[in-house]
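**Q** Below, each chain spelled out in residue letters.
Number of protein chains: 2
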Amino acid sequence: MRNISLVVAYDGTNYHGWQCQPNAITVEETLRSAVGRILDHAVKLYAGGRTDAGVHAMGQVVNFFTPKSIGLEGLTRGINSLLPVDVRVRDAAEVGEGFHARYSAKSKIYVYTILNHTYNSPFLARYALHVPYDLDAGSMDTALRLILGAHDFSAFKKKDEHYRSTVREVRKVLVRRRGRVIYVAVEATGFLRYMVRNIVGTLLLVGQGKLCVDSFGEIFESCEREKAGPTAPPHGLFLRKIFY
Amino acid sequence: MRNISLVVAYDGTNYHGWQCQPNAITVEETLRSAVGRILDHAVKLYAGGRTDAGVHAMGQVVNFFTPKSIGLEGLTRGINSLLPVDVRVRDAAEVGEGFHARYSAKSKIYVYTILNHTYNSPFLARYALHVPYDLDAGSMDTALRLILGAHDFSAFKKKDEHYRSTVREVRKVLVRRRGRVIYVAVEATGFLRYMVRNIVGTLLLVGQGKLCVDSFGEIFESCEREKAGPTAPPHGLFLRKIFY
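Sequence lines, in order, name chains Y and C.
My numbering puts the first residue of the first sequence at 768, with every later residue one more than the last.
My numbering puts the first residue of the second sequence at 768, with every later residue one more than the last.
Hints in this document: simulated from the structure, not taken from any laboratory.
There are no misleading hints in this set.
To be clear about the criterion: a stretch of chain Y counts as covered by chain C if any three or more of its residues have a C-beta under 8 Å from a C-beta of chain C, and this derived list gives those stretches:
# : stretch
1 : 776 to 786
2 : 847 to 855
3 : 881 to 891
Label-pair restraints from in silico Cβ distances:
#  : chain 1 : residue 1 : chain 2 : residue 2 : range
4  : Y       : G865      : C       : D981      : 54 to 62 Å
5  : Y       : S982      : C       : Q975      : 56 to 64 Å
6  : C       : P997      : Y       : F1010     : 38 to 46 Å
7  : Y       : A820      : C       : K994      : 48 to 56 Å
8  : Y       : G946      : C       : V852      : 13 to 21 Å
9  : C       : G863      : Y       : N790      : 55 to 63 Å
10 : C       : G946      : Y       : F832      : 33 to 41 Å
What you are looking at is a predicted structure, and each value in this text was computed from that prediction instead of being measured.
Note that beta-carbon positions come from the ideal geometry of N, C-alpha and C, so glycine has one too.
Using the sequences plus the hints, can you model the full thing?
**A** Below, the structure written as structure tokens:
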């Protein structure tokens, strides 16, 4: 059996997230159906990250097994020809049989995009959170640096979601302004559900001066979800890259 | 009566062009209805450029008259609050009573965007023409420079469209590659319908080596629409800016 990995980009606007579920269109089901039609057999896809409804991906990674000898370029072209334009295979590779898109991942980068301008943009509205009031990207960056390293991220988890461990290791963070757009990037070895969106929701309070950097740190250390800010909406979030 | 001008951006994907027409959703009607509701009286909009179905705008300019004393910021916010997110007022100004968005315009810039990469992008699919084969932006730029100045643009007009004069003056042109994206920009004092899209359709033949620069020039000089390339699709085209 060959083990094939794909790098996949998608606009999550019209999908109920990555993972298959009954009575809802998901990216996984859309891709699985296209791959299955090209290979002429059913496939199970293993995904590097399970993006929630409305979240986008530039670098989702999946792998699947097939006995077919089809070339990688023909496979990619074939799958793309069956996919709607909001889902694209960007690359395909043959990987070792032990490769698993999720368990082999060393870290992932998520980027949250904010349009910080009086008026929203028709072109960015699907891909960035519109924040009309002034944000101080500098203080957001300072606050975000407090999450670097291995910590308990309970303060930023999804309410009523339970884990064996809520400790995750954050390797790199960045808040950068480019003109009217602010990018919040977090690279970690793993993420809790809603973690980035809850961090961003709390950082927005810092950016508008409603919360000082120290208070952000105290909320983070308290491990109490109720103290942190609201969950930022999904449409600003991108699964940017997965490292193996 | 106050004469108010607005700078308007829109994603043309879901509209049957700018201009009002029966039984079709147009940007003009969408904006006119929002302005009318805020001012509480019907308005006639004068627009700087009439974009065709599916064409986008970053810098459409309109003007209208009102006796109301409403402030420009309140007016803009109010209109935007009633508009769908794919149409946004970016700026508002009070102008002299002689100002007419179309007749006062000195020149306009249109930009055509091409994604030149093996695979399309879910994020650019609505805003760029996907061209999977290699394009030589350099020869496209050389060919495009041939249209600089005042010329008869009949070779690039819409079939069966008639004008008193088909002479237009092109002031600036540019073909620039930025990574996988190629921009074709044309600034002119006026445009024939489909002119930019027909120029781009012919430039694509140059870019892929099917037509040499000299032949492009000969087609242009022949003034025969049949000799030029096909009309490039609307979704790559943006009305970028109007100069007054």
